[in-house]
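Undergrad: Sequence:
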Amino acid sequence: MCCQKSWPIDRTTYFQRFKTTMSQDIPKITPESTTQITQNISKLSIRQNNNEDDDQIDETLYNNDRTKKDDSEVVVTKGSGKVKVRKGQSEEEYSIQRDQYLTKGPTINTINWLEEIDITKLNPDIKSDRTSLESLTERLYFKRDYVKCLEVTEFALDFVKDQDQKRIKNEIDELIYLQKKCKEILKLT
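According to UniProt numbering, the sequence shown is numbered sequentially starting from 1.
Where hints are given, some of them may not hold.
[Said to hold, decoys possible] Ranges between beta-carbon positions, derived for each pair:
(1) 125 - 41: 22 to 32 Å
(2) 38 - 174: 11 to 21 Å
(3) 121 - 144: 37 to 47 Å
(4) 99 - 30: 18 to 28 Å
(5) 173 - 103: 32 to 42 Å
(6) 164 - 30: 47 to 57 Å
[What the hints assert, rightly or not] Pairs of lysine to aspartate or glutamate residues, derived as DMTMM-like cross-links and limited to a Cα-Cα distance of at most 25 Å, are as follows:
(7) 87 - 125
(8) 143 - 116
(9) 84 - 116
(10) 84 - 99
(11) 78 - 92
Calculated directly from the structure, the hints in this document are not laboratory data.
Each residue gets a CB set at the ideal place from its N, CA and C atoms; glycine is no exception.
Using the sequences and the hints given, assemble the complete structure.
TA: Here it is in C-alpha cells:
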C-alpha cells in the first residue's frame with residue numbers, strides 16, 4: 001500500500017480540512033441578499049413593461065456600471081482608474097467593410113502570406129496595413145534575413161513618416177529598434 005505512505009496526514013483529516021475550507025469560500029445566502037435580488041428582478045420586469053431604455057435598466061441593476069454610451073463613442077473606465085474613449089465604427093465605414101467582404105470574401109492567409117504582400121500597395125492610414133508591415137519586419141528579423149528586414153524596415157519608416165507621430169509612437173519605436181539591430185548585425189553602423 002504505497003499510496004497510504006505518501007499522504008502526510010490521514011485521509012479523514014484531509015477531507016475534513018477540505019470540507020471546512022470549501023464551506024468558507026462559498027458565499028452565504030441571506031434573507032437580505034435574496035430580498036435585494038428579488039427587488040432588482042421586479043424593477044427589471046416593471047421597466048421592461050414600461051418600455052424604458054436598456055441603459056437605464058443596466059444602470060439601476062448594476063450601480064457600478066463602468067461604461068457610458070454616447071452615439072458612436074464609448075467611455076470606458078479601466079481598472080487603473082484611467083478613462084478611455086473608444087470610437088465606434090460609422091455606418092459608412094461599416095457598409096464599406098461589408099461590401100468589401102461580400103465582393104472579395106474572407107481573407108485566407110497562407111503560411112508565408114506576410115512575405116507575399118505587395119508592400120507598395122499598402123495604405124499608411126489603415127492600421128491593419130501598418131501592423132502587417134511591422135509584422136513582416138519582425139518575421140524577417142526572426143528568420144534571420146537581416147538584409148531584407150533592413151530594407152523593409154527602412155521602407156516602413158518612410159511609409160509612416162507623414163502620419164501623426166504621437167499616435168503611432170510605439171510602432172515607430174519598434175521599427176527603429178529593428179533597424180538598429182539589423183545594422184548592428186550587418187555591421188553597417
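Undergrad: Hint by hint, which ones does the structure fall short of?
TA: When the structure is compared with the hints, numbers 1, 2, 3, 4, 9, 10 and 11 turn out to be violated.
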